[in-house]
Amino acid sequence: MNDRYDAGSAGYGADQYELVGYDEYGQPVYRQVPPQQTQQQTYDPYTQQHQQGYGYDPYAQQGQQQGQQPPPAYDYGTGGQPAPDYGSYDPYGTATHQGGAAQGAPHDPYGQTAAGTTTGRQPRVAEQTAHIPQQAGPDHDREAPDEPQRDYHTEQFAFVEEPDANSEDVIDWLKFTENRTERREEARRRARGRIVALVVVLALVVAGGVGYLWYAGKLPGLSSEDSKAGTATAAGAQKRDVIVVHLHDTRGGGTSTALLVDNTTTERGTTVLVPNSLALTSDDGTTTTLAKSVEDDGSDGTRDALDTVLGTDIEGTWRLDTPYLQNLVDLVGNIDVDTDAEVPDPAAKKKGEAPLVNKGRDQTLSGKMAVAYATYRAPGEAQNAQLERFGQVMQGVLRKMSSDPQAATTTIQTLAQILDPSLTDKDLGTFLAGLSDLAKGGDVKTDLLPVQNDGTLSAQASARVVKNVLGGTAKSPDKDAAVSVSVQNATGVKDNTEKARVVLLNGGFTFLEGGTGTARTTSQVVYADAADKANAAEVAKTLGLSAGSVSKGKTSGSADVSVVLGQDYKPSAG
Numbered sequence: 000m001n002d003r004y005d006a007g008s009a010g011y012g013a014d015q016y017e018l019v020g021y022d023e024y025g026q027p028v029y030r031q032v033p034p035q036q037t038q039q040q041t042y043d044p045y046t047q048q049h050q051q052g053y054g055y056d057p058y059a060q061q062g063q064q065q066g067q068q069p070p071p072a073y074d075y076g077t078g079g080q081p082a083p084d085y086g087s088y089d090p091y092g093t094a095t096h097q098g099g100a101a102q103g104a105p106h107d108p109y110g111q112t113a114a115g116t117t118t119g120r121q122p123r124v125a126e127q128t129a130h131i132p133q134q135a136g137p138d139h140d141r142e143a144p145d146e147p148q149r150d151y152h153t154e155q156f157a158f159v160e161e162p163d164a165n166s167e168d169v170i171d172w173l174k175f176t177e178n179r180t181e182r183r184e185e186a187r188r189r190a191r192g193r194i195v196a197l198v199v200v201l202a203l204v205v206a207g208g209v210g211y212l213w214y215a216g217k218l219p220g221l222s223s224e225d226s227k228a229g230t231a232t233a234a235g236a237q238k239r240d241v242i243v244v245h246l247h248d249t250r251g252g253g254t255s256t257a258l259l260v261d262n263t264t265t266e267r268g269t270t271v272l273v274p275n276s277l278a279l280t281s282d283d284g285t286t287t288t289l290a291k292s293v294e295d296d297g298s299d300g301t302r303d304a305l306d307t308v309l310g311t312d313i314e315g316t317w318r319l320d321t322p323y324l325q326n327l328v329d330l331v332g333n334i335d336v337d338t339d340a341e342v343p344d345p346a347a348k349k350k351g352e353a354p355l356v357n358k359g360r361d362q363t364l365s366g367k368m369a370v371a372y373a374t375y376r377a378p379g380e381a382q383n384a385q386l387e388r389f390g391q392v393m394q395g396v397l398r399k400m401s402s403d404p405q406a407a408t409t410t411i412q413t414l415a416q417i418l419d420p421s422l423t424d425k426d427l428g429t430f431l432a433g434l435s436d437l438a439k440g441g442d443v444k445t446d447l448l449p450v451q452n453d454g455t456l457s458a459q460a461s462a463r464v465v466k467n468v469l470g471g472t473a474k475s476p477d478k479d480a481a482v483s484v485s486v487q488n489a490t491g492v493k494d495n496t497e498k499a500r501v502v503l504l505n506g507g508f509t510f511l512e513g514g515t516g517t518a519r520t521t522s523q524v525v526y527a528d529a530a531d532k533a534n535a536a537e538v539a540k541t542l543g544l545s546a547g548s549v550s551k552g553k554t555s556g557s558a559d560v561s562v563v564l565g566q567d568y569k570p571s572a573g
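Per numbering that gives the first Met the number 0, numbering through the sequence shown is continuous, rising by one, with the last residue being 573.
Just so you know, these hints were derived from the structure itself, not from any lab. Treat the hints loosely; a few may be bogus.
Stated by the list, open to error - Cross-link-like lysine-lysine pairs, in silico, DSS-like; alpha carbons within 25 Å at most:
| hint | residue 1 | residue 2 |
| --- | --- | --- |
| 1 | LYS291 | LYS532 |
| 2 | LYS532 | LYS551 |
| 3 | LYS553 | LYS291 |
| 4 | LYS358 | LYS399 |
| 5 | LYS439 | LYS493 |
| 6 | LYS367 | LYS399 |
| 7 | LYS540 | LYS553 |
| 8 | LYS367 | LYS238 |
| 9 | LYS493 | LYS474 |
| 10 | LYS348 | LYS358 |
| 11 | LYS551 | LYS540 |
| 12 | LYS444 | LYS238 |
| 13 | LYS569 | LYS350 |
| 14 | LYS348 | LYS367 |
| 15 | LYS474 | LYS439 |
| 16 | LYS399 | LYS444 |
| 17 | LYS532 | LYS493 |
| 18 | LYS358 | LYS444 |
| 19 | LYS291 | LYS551 |
| 20 | LYS553 | LYS532 |
| 21 | LYS474 | LYS291 |
| 22 | LYS367 | LYS439 |
| 23 | LYS238 | LYS474 |
| 24 | LYS466 | LYS444 |
| 25 | LYS350 | LYS367 |
| 26 | LYS425 | LYS238 |
| 27 | LYS358 | LYS439 |
| 28 | LYS493 | LYS444 |
| 29 | LYS399 | LYS350 |
| 30 | LYS439 | LYS425 |
| 31 | LYS569 | LYS540 |
| 32 | LYS466 | LYS238 |
| 33 | LYS493 | LYS466 |
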């Protein structure tokens, strides 16, 4: 709707207002016509430009009749104050000029008319332009009546193309947020990695512990002590290959014995060390010791006696003299042993010379050094200590022996030793090759057969070694079959008790510990029963005592013969 103002209505005269221009919103602005002006003046836009400024009437129509009133205007920019005088503007030059100008005169748009040319316009009079009160603008442009007009300037407007000073701050904040998120994710990944590694380590530790317990036979429900009858039967039914090795010391005398066991069912090997004090039953039914049986009964008699006591089935005997042991170690290329003692050189002429074998871990031993270490027994040391050194040497030989049966057989043949008829060089080579393969994988261990002071086997030995390792049943000879000898040490030297024990056991007697007494000069051998007089004389002879030391008297405990060792006792090498 065109809300134009009708100049002739509402009591206003037809010539009271005239168009003077447009405001900043493009609305027409009028002014009050002076009273003396009775005819609307025409408008020369270019002449007016030089006088009052520019005005523009976009609604002026071509052919407008003289005296026709222009449309009313809206003045929102002046706040009700008189609008500025921009002058009337007739863009088409069709208005009739006042002052006698002919209607339809040529249009002069560029103001080329001379400044002094008469236009018929009266000079402008300083007057006040008025805003039509009834005239209202469009609804969307109206201001609240009480709200003051705001003066806007172009510098107050910002456009999206203009750079924002805070844009860098926004980018930095986004980068910071992204980096913090990445750090959190990285921390979570590291935490998950640590947890996984910890779980793996714990699993390995548990698996290793269970494996060790299983290997050691200590796993509940699987150990030998907890085995039921069915498990024991299965252990006894396992297939084992067993040979006995006797090391003969050709220089110092004495023997050392070990059983080599290859369990083909469990694929494990064991070297069982047998003390010389083990009580055996000789061919004539008398009680003897392992050491004495090797010397008196030979390989066959000793092998049979061991089978009887241990309940095993020994397949052959390997007699290994010390010179052959030296050659064997040299053939396999030396051995590595964790030595527990310094061994002096037997060929040394002076005391204080460098030892032949040093004490320490991973000591490399040649043939000569291996023999010296395997047969070494320190003064006052028990025979079991020397026996364990012999076991270390055998373990080192097995690790260096070839795992090929043919190569191992060639090594045995190269020794050129005379073997027992029960064991050929091929059988021995094949057997050693199988144990060597197990030893290189760490599946060969060494066990000491626990023998009591009287030479018999304890229940512990029967369960752990004889039953589980050898698959046999221990059966020690009757104690009454041998003469029991009680020994009291009164020499003042503690080690003499052990030396006397070894000598008596090797002599076929049963040894009983009599303790330590007050030091005395001479030794004494006493028997209680006349039937034991000959046995007492034999005991004195075995210990190296004179026949005058034997007398009848009261014996201690259940012993057949009691011995008190005095300072005249000179122990042998045993």
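How the hints compare with the structure:
1. LYS291 with LYS532: This hinted pair holds, its Cα atoms lying about 22 Å apart.
2. LYS532 with LYS551: holds (8 Å)
3. LYS553 with LYS291: violated (29 Å)
4. LYS358 with LYS399: holds (21 Å)
5. LYS439 with LYS493: violated (42 Å)
6. LYS367 with LYS399: Satisfied, since the Cα-Cα distance of roughly 16 Å is no more than 25 Å.
7. LYS540 with LYS553: With a Cα-Cα distance of about 20 Å, the restraint between LYS540 and LYS553 holds, given a limit of 25 Å.
8. LYS367 with LYS238: violated (36 Å)
9. LYS493 with LYS474: Since the Cα atoms of LYS493 and LYS474 sit roughly 32 Å apart, the hinted pair is violated (cutoff 25 Å).
10. LYS348 with LYS358: Holds. LYS348 to LYS358 sits at ~21 Å (cutoff 25 Å).
11. LYS551 with LYS540: Given pair LYS551, LYS540 holds - Cα atoms ~16 Å apart, limit 25 Å.
12. LYS444 with LYS238: Distance of about 18 Å is within 25 Å: holds.
13. LYS569 with LYS350: holds (23 Å)
14. LYS348 with LYS367: Given pair LYS348, LYS367 holds - Cα atoms ~17 Å apart, limit 25 Å.
15. LYS474 with LYS439: With a Cα-Cα distance of about 34 Å, the restraint between LYS474 and LYS439 is violated, given a limit of 25 Å.
16. LYS399 with LYS444: This hinted pair holds, its Cα atoms lying about 15 Å apart.
17. LYS532 with LYS493: With Cα atoms ~28 Å apart, LYS532 and LYS493 exceed 25 Å; violated.
18. LYS358 with LYS444: OK: LYS358 and LYS444 at ~22 Å, within 25 Å.
19. LYS291 with LYS551: violated (28 Å)
20. LYS553 with LYS532: The given pair, whose Cα atoms are some 13 Å apart, holds under the 25 Å limit.
21. LYS474 with LYS291: holds (19 Å)
22. LYS367 with LYS439: holds (24 Å)
23. LYS238 with LYS474: holds (21 Å)
24. LYS466 with LYS444: OK: LYS466 and LYS444 at ~16 Å, within 25 Å.
25. LYS350 with LYS367: Answer holds: LYS350 to LYS367 is near 19 Å, not above 25 Å.
26. LYS425 with LYS238: holds (20 Å)
27. LYS358 with LYS439: holds (24 Å)
28. LYS493 with LYS444: Judged against 25 Å, a Cα distance of about 33 Å means the pair is violated.
29. LYS399 with LYS350: Violated - the C-alpha atoms of LYS350 and LYS399 are around 34 Å apart, more than 25 Å.
30. LYS439 with LYS425: holds (21 Å)
31. LYS569 with LYS540: holds (12 Å)
32. LYS466 with LYS238: The hint holds at about 13 Å.
33. LYS493 with LYS466: Since the Cα atoms of LYS493 and LYS466 sit roughly 35 Å apart, the hinted pair is violated (cutoff 25 Å).
The structure does not agree with the numbered hints 3, 5, 8, 9, 15, 17, 19, 28, 29 and 33 stated previously, though it agrees with the rest.
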